[in-house]
Amino acid sequence: MIARAEMVNAHHWRADFPALDQSVHGNPLIYLDSAASAQQPASVIDTVARYQREDHSNVHRGVHTLSHRATEAYEGARDKIAGFINANSRTEIVLTSGTTESINLVAQSFCRPRLQPGDTIVISHLEHHANIVPWQLVCEQTGAELAVAPIDERGEIDVEAMLALIDDKTFLVGISHVANALGTICPVERIIEHARAREIPVLVDGAQAVPHMQVDVQALDCDFYAFSGHKMFGPTGTGVLWGREDLLDTMPPWQGGGDMILEVTFDRTTWNELPYKFEAGTPNISGVIGLGAAIDYLRDIGMQNVAAYENDVHDYMVAELAKVDGIRLVGEARRKASVQSFLLDDIHSHDVGTILDHQGVAIRTGHHCAMPVMQYFGIPGTARASLALYNNREDIDRLVAALQKAREIFA
Amino acid sequence: MIARAEMVNAHHWRADFPALDQSVHGNPLIYLDSAASAQQPASVIDTVARYQREDHSNVHRGVHTLSHRATEAYEGARDKIAGFINANSRTEIVLTSGTTESINLVAQSFCRPRLQPGDTIVISHLEHHANIVPWQLVCEQTGAELAVAPIDERGEIDVEAMLALIDDKTFLVGISHVANALGTICPVERIIEHARAREIPVLVDGAQAVPHMQVDVQALDCDFYAFSGHKMFGPTGTGVLWGREDLLDTMPPWQGGGDMILEVTFDRTTWNELPYKFEAGTPNISGVIGLGAAIDYLRDIGMQNVAAYENDVHDYMVAELAKVDGIRLVGEARRKASVQSFLLDDIHSHDVGTILDHQGVAIRTGHHCAMPVMQYFGIPGTARASLALYNNREDIDRLVAALQKAREIFA
Amino acid sequence: MQDLYRELILDHSRKPRHFGCLEDATHTADGINALCGDRLTLYVQVDDHGLIRRSSFDGSGCAISVASASLMTAAITGLHVTRAASCIDEIAARLTEGAASTGVSPELEKLVALDGVRRYPGRVKCATLAWRTLQAALNNAGTPATTE
Amino acid sequence: MQDLYRELILDHSRKPRHFGCLEDATHTADGINALCGDRLTLYVQVDDHGLIRRSSFDGSGCAISVASASLMTAAITGLHVTRAASCIDEIAARLTEGAASTGVSPELEKLVALDGVRRYPGRVKCATLAWRTLQAALNNAGTPATTE
Ligand SMILES: Cc1ncc(COP(=O)(O)O)c(C=O)c1O
Ligand SMILES: Cc1ncc(COP(=O)(O)O)c(C=O)c1O
Numbered sequence: 001m002i003a004r005a006e007m008v009n010a011h012h013w014r015a016d017f018p019a020l021d022q023s024v025h026g027n028p029l030i031y032l033d034s035a036a037s038a039q040q041p042a043s044v045i046d047t048v049a050r051y052q053r054e055d056h057s058n059v060h061r062g063v064h065t066l067s068h069r070a071t072e073a074y075e076g077a078r079d080k081i082a083g084f085i086n087a088n089s090r091t092e093i094v095l096t097s098g099t100t101e102s103i104n105l106v107a108q109s110f111c112r113p114r115l116q117p118g119d120t121i122v123i124s125h126l127e128h129h130a131n132i133v134p135w136q137l138v139c140e141q142t143g144a145e146l147a148v149a150p151i152d153e154r155g156e157i158d159v160e161a162m163l164a165l166i167d168d169k170t171f172l173v174g175i176s177h178v179a180n181a182l183g184t185i186c187p188v189e190r191i192i193e194h195a196r197a198r199e200i201p202v203l204v205d206g207a208q209a210v211p212h213m214q215v216d217v218q219a220l221d222c223d224f225y226a227f228s229g230h231k232m233f234g235p236t237g238t239g240v241l242w243g244r245e246d247l248l249d250t251m252p253p254w255q256g257g258g259d260m261i262l263e264v265t266f267d268r269t270t271w272n273e274l275p276y277k278f279e280a281g282t283p284n285i286s287g288v289i290g291l292g293a294a295i296d297y298l299r300d301i302g303m304q305n306v307a308a309y310e311n312d313v314h315d316y317m318v319a320e321l322a323k324v325d326g327i328r329l330v331g332e333a334r335r336k337a338s339v340q341s342f343l344l345d346d347i348h349s350h351d352v353g354t355i356l357d358h359q360g361v362a363i364r365t366g367h368h369c370a371m372p373v374m375q376y377f378g379i380p381g382t383a384r385a386s387l388a389l390y391n392n393r394e395d396i397d398r399l400v401a402a403l404q405k406a407r408e409i410f411a
Numbered sequence: 001m002i003a004r005a006e007m008v009n010a011h012h013w014r015a016d017f018p019a020l021d022q023s024v025h026g027n028p029l030i031y032l033d034s035a036a037s038a039q040q041p042a043s044v045i046d047t048v049a050r051y052q053r054e055d056h057s058n059v060h061r062g063v064h065t066l067s068h069r070a071t072e073a074y075e076g077a078r079d080k081i082a083g084f085i086n087a088n089s090r091t092e093i094v095l096t097s098g099t100t101e102s103i104n105l106v107a108q109s110f111c112r113p114r115l116q117p118g119d120t121i122v123i124s125h126l127e128h129h130a131n132i133v134p135w136q137l138v139c140e141q142t143g144a145e146l147a148v149a150p151i152d153e154r155g156e157i158d159v160e161a162m163l164a165l166i167d168d169k170t171f172l173v174g175i176s177h178v179a180n181a182l183g184t185i186c187p188v189e190r191i192i193e194h195a196r197a198r199e200i201p202v203l204v205d206g207a208q209a210v211p212h213m214q215v216d217v218q219a220l221d222c223d224f225y226a227f228s229g230h231k232m233f234g235p236t237g238t239g240v241l242w243g244r245e246d247l248l249d250t251m252p253p254w255q256g257g258g259d260m261i262l263e264v265t266f267d268r269t270t271w272n273e274l275p276y277k278f279e280a281g282t283p284n285i286s287g288v289i290g291l292g293a294a295i296d297y298l299r300d301i302g303m304q305n306v307a308a309y310e311n312d313v314h315d316y317m318v319a320e321l322a323k324v325d326g327i328r329l330v331g332e333a334r335r336k337a338s339v340q341s342f343l344l345d346d347i348h349s350h351d352v353g354t355i356l357d358h359q360g361v362a363i364r365t366g367h368h369c370a371m372p373v374m375q376y377f378g379i380p381g382t383a384r385a386s387l388a389l390y391n392n393r394e395d396i397d398r399l400v401a402a403l404q405k406a407r408e409i410f411a
Numbered sequence: 001m002q003d004l005y006r007e008l009i010l011d012h013s014r015k016p017r018h019f020g021c022l023e024d025a026t027h028t029a030d031g032i033n034a035l036c037g038d039r040l041t042l043y044v045q046v047d048d049h050g051l052i053r054r055s056s057f058d059g060s061g062c063a064i065s066v067a068s069a070s071l072m073t074a075a076i077t078g079l080h081v082t083r084a085a086s087c088i089d090e091i092a093a094r095l096t097e098g099a100a101s102t103g104v105s106p107e108l109e110k111l112v113a114l115d116g117v118r119r120y121p122g123r124v125k126c127a128t129l130a131w132r133t134l135q136a137a138l139n140n141a142g143t144p145a146t147t148e
Numbered sequence: 001m002q003d004l005y006r007e008l009i010l011d012h013s014r015k016p017r018h019f020g021c022l023e024d025a026t027h028t029a030d031g032i033n034a035l036c037g038d039r040l041t042l043y044v045q046v047d048d049h050g051l052i053r054r055s056s057f058d059g060s061g062c063a064i065s066v067a068s069a070s071l072m073t074a075a076i077t078g079l080h081v082t083r084a085a086s087c088i089d090e091i092a093a094r095l096t097e098g099a100a101s102t103g104v105s106p107e108l109e110k111l112v113a114l115d116g117v118r119r120y121p122g123r124v125k126c127a128t129l130a131w132r133t134l135q136a137a138l139n140n141a142g143t144p145a146t147t148e
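Protein chains in written order, with my numbering: chain A, 1 to 411; chain B, 1 to 411; chain C, 1 to 148; chain D, 1 to 148.
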């Protein structure tokens with residue numbers, strides 16, 4: 001149960017997001033595509049614009065006032081990120097361009113130099129392409145192998161099978177915290193505990209978790225945690241790799257360039273300390289500062305409140321969708337967050353998407369960058385509605401009405 | 001000579017940049033640090049904010065209206081970039097997070113799979129770390145060697161020596177179009193012609209050229225051209241790698257993830273076509289759209305006009321600085337653009353920077369990510385004033401007056 | 001919405017004509033629409049005189065792309081390959097540039113049912129997929145046609 | 001500006017005391033300030049009782065970091081290493097937190113000249129570099145001290 005006060009607040013939250021206040025094809029916009037990318041509160045948009053109007057300059061190497069201000073704001077955002085996920089230290093927060101870069105960084109810098117033919121990287125069948133393809137590439141480069149844990153009809157990982165795949169040949173385990181196509185909350189705690197006992201590092205892809213629940217990397221006890229700014233109400237082009245300091249310390253740099261070095265000579269170049277060793281070149285200064293503002297926004301609300309409120313809307317969505325004639329829910333895991341995939345009669349999901357859009361309801365259709373999930377279910381794609389803290393039960397009612405309309409057109 | 005009309009326009013240009021309209025330590029800001037990062041015209045700031053307020057969604061895979069708008073705007077910016085540097089086709093425009101990533105991409109994807117021990121990468125002693133360290137990394141990975149063309153006291157590349165280094169063992173030549181620490185315009189045309197005759201590809205680091213002069217990659221006849229959005233009045237976290245299509249075609253992907261694939265299965269993954277093969281994950285959508293607005297801004301003025309106007313201010317800057325007692329100009333190449341490095345008496349440049357900042361004059365001090373240049377001159381760093389189209393002669397007068405004051409304090 | 005999902009479109013998407021593999025095809029190509037995951041394989045049988053004797057397709061896709069493929073395979077049967085090539089251009093222009101609502105080649109008369117797509121720019125790629133794939137097949141291109 | 005570049009600072013930066021290498025140092029460390037390219041090497045000679053007998057530095061840096069190193073080497077001579085360690089903390093607190101403008105340990109009296117740095121947050125790292133390097137030297141750390 002959600003307290004009345006929180007419901008009221010939720011109304012208020014929605015008003016914080018300017019993009020939601022518009023019509024599409026003559027109907028008020030209902031945005032149910034936050035798993036692809038979330039909208040931004042005005043505070044984030046304004047923080048970025050204000051930064052550019054007043055404080056912009058390059059960071060780290062400047063003595064003048066603007067450079068100092070930019071550096072303070074940029075590094076201040078790193079502190080906020082560290083606090084938000086309860087990192088042990090700000091030196092563990094590597095700023096990247098997104099989850100995708102974060103995972104590629106680990107594949108290339110942590111794995112590639114050490115992987116041996118016959119080693120395995122263990123992932124699940126539920127993963128986003130960002131948590132598949134970087135491992136395929138590094139496996140091809142090194143002769144290692146990808147081992148994939150199966151899933152079941154509900155869209156849950158077969159945990160026992162996954163644990164059985166984690167053996168002495170396993171170099172690293174990659175697992176999503178929340179699966180993007182189906183919304184499954186994966187049993188990361190159990191997998192991490194099992195891997196930790198065998199001293200095998202675990203990377204958690206948290207792109208779909210961080211916007212919806214409290215994440216504490218120390219409590220999770222994983223080794224790497226990757227996520228994106230744009231899915232948590234921050235700007236595109238920002239992302240985070242959190243890594244345990246002792247592991248980051250042993251890794252060679254990822255890209256070469258300015259800022260990641262202490263000294264460059266043609267004979268010998270020495271790397272900068274953490275986290276700068278992994279941050280070559282001018283970073284996405286305004287984007288990271290915007291991400292800091294997004295974190296301020298979320299902290300003010302409190303992730304507990306976000307999770308409680310969203311769970312309520314999520315459960316309502318699942319129940320209401322289940323009642324629609326001709327619907328087939330895809331992904332019915334027992335623990336789920338913020339996402340529901342489905343098929344409607346034999347209408348192609350792309351057509352469903354167009355008809356909904358015409359009624360102002362924005363959903364995503366297709367494979368959701370999780371083709372293996374679609375292959376498992378033997379379908380080319382799904383229609384997917386996904387939630388953020390600005391959605392409410394009325395949005396779900398609008399979604400359901402729009403689906404009825406689609407059935408009429410294709411009747 | 002600059003026509004009066006252009007001078008008047010230049011006044012107008014300055015007013016387009018909100019950040020310049022402020023005081024620092026009680027004095028009007030004089031921003032002479034654009035080589036590190038440029039300010040943005042209001043049109044860029046507003047385009048980004050409007051995009052976030054009205055049109056944001058993820059690109060490429062969405063059927064709904066916002067996704068369509070975002071995709072149109074994002075891909076529209078790619079078209080603008082292609083036109084701006086006269087690329088043969090939009091498929092040759094790979095969007096990256098900056099010059100640094102662009103160069104690392106070429107080092108890792110083009111060079112790493114093919115470099116043999118004994119091969120050389122030829123660069124010059126003038127390069128920015130971004131055009132040094134990626135090559136050092138790939139050389140270490142492959143056993144290839146870095147060959148460095150010498151420079152002279154003026155800060156010019158010894159071209160004959162550089163051409164002599166380019167031989168059958170040379171795999172690639174990397175050269176900056178304009179050197180960031182000294183402002184030297186490098187003889188890229190001659191180097192490209194020489195390399196082209198030997199079928200050796202040339203990467204041009206154009207980070208400091210694109211904001212200041214008309215660049216035509218087809219006329220240059222190079223193979224790769226790299227630059228950053230934030231130095232050309234666009235957002236941080238954006239950059240471009242232009243590459244010849246036939247070369248890009250032969251290169252394996254750089255990062256793995258969403259969008260860079262056509263199909264993912266656990267057996268076989270097929271890459272997307274150009275340029276998407278090199279763009280994994282959610283891109284910096286708002287940043288790239290902002291970069292498109294920056295290009296609109298520059299095209300409206302015309303790069304010929306920008307170059308003519310800036311040359312005038314640059315020549316005035318050099319002449320006025322040369323008159324300051326106790327100054328030593330560092331970098332006196334015969335062809336220069338937008339930058340002047342210098343030393344003042346034996347005052348450390350960091351102290352010069354602080355004293356100037358106190359008078360509202362923002363310059364950069366230190367090694368400017370070009371330590372080898374500093375090593376050549378046997379100095380730890382310089383003070384560097386750098387121009388953009390919003391600077392004028394009065395800014396130079398203010399700079400000179402501030403330097404006089406620094407001499408008084410340290411007298 | 002009815003301008004997009006006209007009866008003829010819904011009919012062809014529910015009961016696609018020329019659906020299935022053509023054993024004795026002389027030209028085939030795969031087409032992929034990364035946007036919605038449409039995939040089709042096109043089979044074309046061209047005789048010695050350059051005439052398209054038969055064509056068919058299989059795969060899966062949205063209503064628009066299936067109807068477009070169904071209508072196309074009907075339309076091109078009996079055409080010379082050079083004529084088919086000019087049809088590809090005509091359709092592409094008609095759908096993307098919103099050109100010439102008036103005036104359509106007789107072979108393409110039924111394709112006018114796709115005109116509604118113009119008002120749904122996100123769906124143009126669905127309508128053109130079959131045609132791009134035809135182009136790839138006739139060019140004997142080895143890589144799949146895409147709509148990016 | 002005069003609050004930053006006080007006479008004592010300018011004097012020590014022009015004529016740094018204890019400048020040069022100390023052949024019989026028992027502890028040394030390098031310090032780098034990536035911001036402005038300051039680099040210094042610190043030499044410390046500690047006797048069997050843990051007393052700092054002598055110290056010196058070389059390298060190059062801005063007026064603030066050279067003056068700070070010069071003042072520091074004078075201040076720590078004769079101190080016990082544990083006392084020196086507490087001086088490091090005191091100076092760091094004084095410069096960064098703007099703490100206790102009143103009250104300074106007698107050994108650090110002259111260091112008060114650096115107080116002006118507080119108003120120039122970009123320069124605090126210059127003032128603390130020598131002290132961080134001292135910390136590294138006393139800990140016998142192998143990697144250079146940095147001010148990031
Ligand atoms: C010549 C040159 N190359 C490369 C770079 C690196 O650009 P970025 O930091 O935007 O990646 C710079 C920027 O300082 C530069 O001036
Ligand atoms: C679970 C998951 N992992 C990774 C990604 C990739 O994130 P990005 O595209 O921001 O790099 C996404 C985003 O779609 C995702 O949902």
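Don't read these hints as lab results, they were simulated from the structure.
Don't take every hint at face value.
Computed cross-link-like contacts, BS3-like style, restricted to lysine-lysine with a CA-CA straight-line distance of at most 25 Å [to be verified]: (1) K405/A to K323/A; (2) K80/B to K169/B; (3) K15/C to K80/A; (4) K110/D to K15/D; (5) K323/B to K15/D; (6) K15/C to K110/C.
A few chain C residues that don't get close to chain A, going by computed Cβ distances all over 10 Å [claimed, not checked]: (7) R17; (8) F19; (9) C21; (10) E23; (11) T28; (12) D38; (13) R39; (14) R54; (15) V81; (16) R83; (17) E90; (18) T96; (19) S105; (20) L108; (21) E109.
Don't be surprised by glycine CBs; every beta carbon is placed ideally from N, CA and C.
We went through each hint and held it up to the structure:
1. A distance of roughly 15 Å separates the Cα atoms of K405/A and K323/A; the hinted pair therefore holds under the 25 Å criterion.
2. Simply put, K80/B and K169/B have alpha-carbon atoms about 37 Å apart, too far for the 25 Å limit, and the pair is violated.
3. About 57 Å separates the Cα atoms of K15/C and K80/A, which puts this hinted pair outside 25 Å; it is violated.
4. Of the pairs offered as hints, the one joining K110/D and K15/D holds, with about 16 Å between alpha carbons and a cut-off of 25 Å not exceeded.
5. With a CA separation close to 28 Å, the supplied pair K323/B and K15/D exceeds the 25 Å bound.
6. With a C-alpha separation of about 16 Å, the suggested pairing of K15/C with K110/C holds against the 25 Å cut-off.
7. Distance check for R17/C against chain A: the nearest CB is about 18 Å away, which clears 10 Å, and the non-interface claim stands.
8. Listed as outside the interface, F19/C is consistent with that label: its C-beta sits roughly 15 Å from the nearest C-beta of chain A, beyond the 10 Å cut-off.
9. Taking the minimum C-beta to C-beta distance to chain A, about 18 Å, the non-interface status of C21/C holds against the 10 Å cut.
10. At the 10 Å boundary, the C-beta of E23/C stays outside the reach of chain A, the nearest C-beta of that chain being 25 Å off.
11. Consistency note on T28/C: stated as away from chain A, and its beta-carbon is indeed over 10 Å from all of that chain's, at 20 Å minimum.
12. Distance check on D38/C: its Cβ comes as close as 7 Å (rounded) to a Cβ of chain A, failing to clear the 10 Å threshold; non-interface status is violated.
13. With a least CB separation of 7 Å from chain A, R39/C falls inside the 10 Å interface cut-off, contrary to its annotation.
14. Even its closest Cβ contact with chain A, about 26 Å, leaves R54/C beyond 10 Å, as expected for a residue assigned away from the interface.
15. Against the 10 Å criterion, V81/C stays outside the reach of chain A, whose nearest CB is about 30 Å from its own CB.
16. Distance check on R83/C: its Cβ is at least 31 Å (rounded) from any Cβ of chain A, clearing the 10 Å threshold; non-interface status holds.
17. Every beta carbon of chain A lies more than 10 Å from that of E90/C, the smallest distance being close to 25 Å; the non-interface claim holds.
18. Residue-level check passed: T96/C sits 17 Å from the nearest beta carbon of chain A, beyond 10 Å.
19. Look at S105/C: its CB is around 28 Å from the nearest CB on chain A, clear of 10 Å, so calling it non-interface holds up.
20. The Cβ of L108/C sits about 23 Å from the closest Cβ of chain A, beyond the 10 Å cut-off, so the non-interface label holds.
21. Every CB of chain A lies more than 10 Å from the CB of E109/C, the least distance being 24 Å, so the non-interface label holds.
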